[in-house]
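There are 2 protein chains.
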Amino acid sequence: MSSARLIYLPLGGAGEIGMNCYVYGYGPQDQERLIVVDLGVTFPDMDGTPGVDLILPDVAWLEARKTQIEAVFITHAHEDHLGAVGHLFERLGAPTVYARAFTAHLARQKLGEYGFSDKVVKTVSAWPETVKAGPFTVGFLPISHSIPESSGLVIDSPDGRIVHTGDFKLDRAPIVGEAWDPELWGAVAAHGVKALVCDSTNVFSPEPGRSESSIGGDIETLIADARGMVVATTFASNVARLKTLAEAGQRAGRSVCLMGRAMRRMIEAAVATGVLKDFPSVISPEDVGHLPRENVMLLVTGSQGERRAASAQLANGKYQGVSLKDGDLFLFSSKTIPGNERGVIRIMNQLSEMGVDVVDDNSGRYHVSGHANRPDLDQMHKLMKPQTVVPMHGEHRHLRAHTRLAAENGCQSILAVNGMIVNLSGNAPSVAGYVETGRTYLDGSVQVGALDGIVRDRLRMALNGHIMVSVILDEDNEPLGEPWCEIRGLAETGRSKAPLVDVLEEDLDQYMRRAGAKVLADDDKLEDGLKKITRQSTQDEIGKKPEVTVVISRLS
Amino acid sequence: MSSARLIYLPLGGAGEIGMNCYVYGYGPQDQERLIVVDLGVTFPDMDGTPGVDLILPDVAWLEARKTQIEAVFITHAHEDHLGAVGHLFERLGAPTVYARAFTAHLARQKLGEYGFSDKVVKTVSAWPETVKAGPFTVGFLPISHSIPESSGLVIDSPDGRIVHTGDFKLDRAPIVGEAWDPELWGAVAAHGVKALVCDSTNVFSPEPGRSESSIGGDIETLIADARGMVVATTFASNVARLKTLAEAGQRAGRSVCLMGRAMRRMIEAAVATGVLKDFPSVISPEDVGHLPRENVMLLVTGSQGERRAASAQLANGKYQGVSLKDGDLFLFSSKTIPGNERGVIRIMNQLSEMGVDVVDDNSGRYHVSGHANRPDLDQMHKLMKPQTVVPMHGEHRHLRAHTRLAAENGCQSILAVNGMIVNLSGNAPSVAGYVETGRTYLDGSVQVGALDGIVRDRLRMALNGHIMVSVILDEDNEPLGEPWCEIRGLAETGRSKAPLVDVLEEDLDQYMRRAGAKVLADDDKLEDGLKKITRQSTQDEIGKKPEVTVVISRLS
Chain A
1 MSSARLIYLP LGGAGEIGMN CYVYGYGPQD QERLIVVDLG VTFPDMDGTP
51 GVDLILPDVA WLEARKTQIE AVFITHAHED HLGAVGHLFE RLGAPTVYAR
101 AFTAHLARQK LGEYGFSDKV VKTVSAWPET VKAGPFTVGF LPISHSIPES
151 SGLVIDSPDG RIVHTGDFKL DRAPIVGEAW DPELWGAVAA HGVKALVCDS
201 TNVFSPEPGR SESSIGGDIE TLIADARGMV VATTFASNVA RLKTLAEAGQ
251 RAGRSVCLMG RAMRRMIEAA VATGVLKDFP SVISPEDVGH LPRENVMLLV
301 TGSQGERRAA SAQLANGKYQ GVSLKDGDLF LFSSKTIPGN ERGVIRIMNQ
351 LSEMGVDVVD DNSGRYHVSG HANRPDLDQM HKLMKPQTVV PMHGEHRHLR
401 AHTRLAAENG CQSILAVNGM IVNLSGNAPS VAGYVETGRT YLDGSVQVGA
451 LDGIVRDRLR MALNGHIMVS VILDEDNEPL GEPWCEIRGL AETGRSKAPL
501 VDVLEEDLDQ YMRRAGAKVL ADDDKLEDGL KKITRQSTQD EIGKKPEVTV
551 VISRLS
Chain B
1 MSSARLIYLP LGGAGEIGMN CYVYGYGPQD QERLIVVDLG VTFPDMDGTP
51 GVDLILPDVA WLEARKTQIE AVFITHAHED HLGAVGHLFE RLGAPTVYAR
101 AFTAHLARQK LGEYGFSDKV VKTVSAWPET VKAGPFTVGF LPISHSIPES
151 SGLVIDSPDG RIVHTGDFKL DRAPIVGEAW DPELWGAVAA HGVKALVCDS
201 TNVFSPEPGR SESSIGGDIE TLIADARGMV VATTFASNVA RLKTLAEAGQ
251 RAGRSVCLMG RAMRRMIEAA VATGVLKDFP SVISPEDVGH LPRENVMLLV
301 TGSQGERRAA SAQLANGKYQ GVSLKDGDLF LFSSKTIPGN ERGVIRIMNQ
351 LSEMGVDVVD DNSGRYHVSG HANRPDLDQM HKLMKPQTVV PMHGEHRHLR
401 AHTRLAAENG CQSILAVNGM IVNLSGNAPS VAGYVETGRT YLDGSVQVGA
451 LDGIVRDRLR MALNGHIMVS VILDEDNEPL GEPWCEIRGL AETGRSKAPL
501 VDVLEEDLDQ YMRRAGAKVL ADDDKLEDGL KKITRQSTQD EIGKKPEVTV
551 VISRLS
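Going down the list, the protein sequences come from chains A and B. If you read the first sequence in the working numbering, its first letter stands for residue 1, the second for the next number, and so on. If you read the second sequence in the working numbering, its first letter stands for residue 1, the second for the next number, and so on.
Keep in mind that the hints are not guaranteed to be accurate.
[Unchecked claim] Only pairs whose alpha carbons sit at most 25 Å apart, straight line, appear in this in silico BS3-like list of lysine-lysine:
1) A:Lys518 / A:Lys497
2) A:Lys66 / B:Lys532
3) A:Lys335 / B:Lys335
4) B:Lys545 / B:Lys497
5) B:Lys545 / B:Lys531
6) A:Lys545 / A:Lys525
7) A:Lys497 / B:Lys66
8) B:Lys122 / B:Lys132
9) B:Lys122 / B:Lys277
[As the list claims (entries may be wrong)] Which chain A residues face chain B? A few, computed with CB under 7 Å, are given here:
10) Asp47
11) Ile337
12) Met348
13) Arg400
14) Ala450
15) Ile454
16) Arg458
17) Ser470
18) Trp484
Since the hints were derived computationally from the structure, they do not count as laboratory data. Using N, Cα and C, we set each Cβ at its ideal position, and we do this for glycine too.
Work the whole structure out from these sequences, hints included.
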């Protein structure tokens, strides 16, 4: 099999932060046996994807090759790595999904929502246990991150060893889960690493990353000094942080209550799989009202300002019978992800109006990142001494900066973005081709392509409003009655002070009267004419060019 | 006139950053003579105001009292203080507008767009010159900010002196415009200040503010070291920064080119009114191509990622014949305003794809804020020793933190939000009532109320899609032909794999056949029934509940 090659193909996560999906293949060109690493989602926003439920990687390329897929490996249980597994599983030919216990537990829940059996997910123990997947042998190498049991992958192929870091930080005291173990990682690299496919998220952070355990003291002081109820929010999946917060509450004589489904689910998964021990006992929301405020601490979902999460509901007034008031403290033990600022600030101001003191991470004392900063990436490169660094998990600017760091460390590197097939065989990586990629929207219960125009049409209606024009013609193509307009999302009156709908109907009626038999007999011509009049008259009246839908009914 | 009172009423800017509009009144209740300080705008976004052009304060209260308005005073020329003057001038009864020269120059442009004469704006010199406006005497007190000729207002009333700070920082070397002069401000306060109405923007910034002149060195070093073309963006109105950037370019042997209408207009206004002298001579965009890249520096609009500004256009490929390439440098000499992150990051990644090196203000070396930080506010309180501090220009959380700072400094304070009438007469401020306030949208060429439902309808179409249903009935209320559907912004097929439009038309046809004569004769009942079927069938097919518009045509 001299023509066999080792390829890397990111379908999501390389050129963006989110929606991770990486493919490795080995074999003769176009017959490679494939493994998929992570199947994540990214989240929609009003700016570009209003009404969309979730954004998934476009896996059309994989779907067309589903018989070549040996397995799926999930590095950790964050939504941007695991969230699409249920939605895409069938399209990929229902491959076996491998993960460590905590991740597997949550993967089974996701697949269960689609009716798939628990058995499709296989639990794998940490390295040195490995799984054989066609030409690949894959092991889960523990590493610290902001969720339990995050793992890098050791991917052995006939052409050498790849280390796929997954998301990571170098934390020797991560509170929950395995600490960063440079000896373990160094041993894996001892006989050479062909490619280090490496997290790039924090490449612009110049200081070494801080340990999860470094913020416990400040959190404890803050909570000990609080007078009223204390509420803290962080990512539901940051089990270590939840433990730190809950224990600080407990030490301050507070009973802890978890609010928000995602948070309870994470704690349950962590307890069920044994990664979390000694979490303070919790009370139910119904019990909160029976305790003095100074004896309660709520841990709530919604650190990113999500409208339906517990934090937003509390800021709106009441959630599960609990409401906040003057003198309470609300801690954002989290960083606001770019793009979520407005939602978070809205909540902060609502809390301010209630007299609640809001503390966020501006001071840097109540949150640490889960990703490796620049000096940590540096350390990783130097420890693993790979032939090639392949930056992943970053926007283009992160990937680009990461390739430069690799060069400074004497490594080859390649800036591979979504859709680029990289040939890792031989002594230097090369671009072996490009695959059409993009995004798939979960919109209600169906998957639609980002370029299908469906969401574009929604955006246009949001920007321009929508006018429906209805005309009826008889058997002889003569107008029956007058044109009828319905207006959505536009001012009712404009320049002429008459209702816009009256102005339009008058103008359209005149157009119909003037239109020749040829136009009246031709749906396309008539529609064009009616649209043009509608847009022009609306522009004249209110200064906007609306979307227009014309319905021509012909009686026959 | 023993019943006369001195009132303060914010209509915009108190509870938000943007859209500043403050009213002061003196006289018997409901007959107060009024002055208006600032008429600003705030900017729309896709999240809540798609398609809206600008957001203005709701001045209905003022409009109903326009005969009581003595004058409008504009503290400085930022859009959030000046931007609404043209749009609202007529509704306020065309009052005289007072401003200093640079601000007045730009105010005349805004009013000119609505056809108003230059004469409606009166230019006022700096304090000690004053203007009489009914019971008030008003003077413009120079202070440093991030735009030339920013001024506080000294507002003397029969009940005492108010100092309205406007936006400010304490900068003793602001490059362009007047330096912070504590002696001048202290003298104004010497005989007592009843109320200090004070900027709150940076109350959460714990370090003293830095001078505009403190960043020149770093900017000069950065540009001197650049190899390719240099592009820098900042707020167009930050004339001092433009000067610093242009001079750094000039010293590095580069010709400077201004790109973006707003930037050229600001420089022209600054030169015309004498606030800017010695700006390096500039070249036109057409000349850029004739020079080696290393001899060019572009100063461009679009520091906030605005889609139509020069920075976004350059990132998209080409602007006015100029394109960027590998080895060029792009400096964001600016801070990203919360909510604008996505747009800015998009541009950074596009530039990264071109190989352009992007430098932003993460390091704190290439930008300083134009607002007073917490220690500066502290200094202002202590210098002015007001009876009462009234925080303004901030979200609720800023205003609240600012009242606490005032208390620490031994001042009374009152947290006044938009719509709250504060009685400043007597020894302590009190709430004298509430006025309905809100936001007015400039939508195309018309002004609509934020609560009119127009933009809400657009948001609903963006989230849910839109289906139009058309049915025709004859003289006997019998359906003529079959129902017709048009779908916008929804998936074309769903669960049953048949086109959604076919499924709907079939379901609606069955409904029409089943419907009794009573329903068919009643537009409301028929519309309700058709909507319900449409929503239910769409939900079943694609999992979304669309907006539905029904057109019932009856032949008669």
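So, going through the hints one by one against the coordinates:
Straight-line distance between C-alpha atoms of A:Lys518 and A:Lys497 comes to about 35 Å, which puts the hinted pair past the 25 Å bound. Between A:Lys66 and B:Lys532 the CA atoms are separated by roughly 41 Å; this puts the pair beyond 25 Å, and the hint is violated. For a cut-off of 25 Å, the pair hint linking A:Lys335 to B:Lys335 stands: about 18 Å separates their Cα positions. Using a Cα cut-off of 25 Å, the hinted pair B:Lys545 and B:Lys497 holds, with the two alpha carbons roughly 18 Å apart.
Taking the CA atoms of B:Lys545 and B:Lys531, the gap is near 10 Å; set against the 25 Å cutoff, the hint holds. Between A:Lys545 and A:Lys525 the CA atoms are separated by roughly 20 Å; this keeps the pair inside 25 Å, and the hint holds. Between A:Lys497 and B:Lys66 the alpha-carbon distance is near 22 Å, which keeps this suggested pair within the 25 Å criterion. Between the alpha carbons of B:Lys122 and B:Lys132 the distance comes to roughly 12 Å, so the proposed pair stays at or under 25 Å and holds.
Of the pairs offered as hints, the one joining B:Lys122 and B:Lys277 holds, with about 23 Å between alpha carbons and a cut-off of 25 Å not exceeded. For A:Asp47, the suggested interface contact is upheld, since its CB lies about 4 Å from the closest CB of chain B, less than 7 Å. The interface hint given for A:Ile337 is violated, since its Cβ lies 9 Å from the closest Cβ of chain B, which is over the 7 Å cut-off. At about 5 Å, the closest approach between the beta carbon of A:Met348 and any beta carbon in chain B falls short of 7 Å, and the interface hint on this residue holds.
At its closest, the beta carbon of A:Arg400 sits 5 Å from a beta carbon of chain B; the interface hint therefore holds under the 7 Å criterion. Below 7 Å, beta-carbon pairs count as interface contacts, and A:Ala450 has none with chain B, the closest being about 13 Å; its hint is therefore violated. A least Cβ separation of about 6 Å between A:Ile454 and chain B falls short of the 7 Å threshold, and the interface hint therefore holds. With its C-beta approaching chain B no nearer than about 4 Å, A:Arg458 sits inside the 7 Å limit, and its interface hint holds.
For A:Ser470, the shortest C-beta to C-beta distance to chain B is roughly 5 Å, which falls under 7 Å, so the interface hint holds. With a cut of 7 Å, the hint placing A:Trp484 at the interface with chain B holds, because the nearest CB-to-CB distance is about 6 Å.
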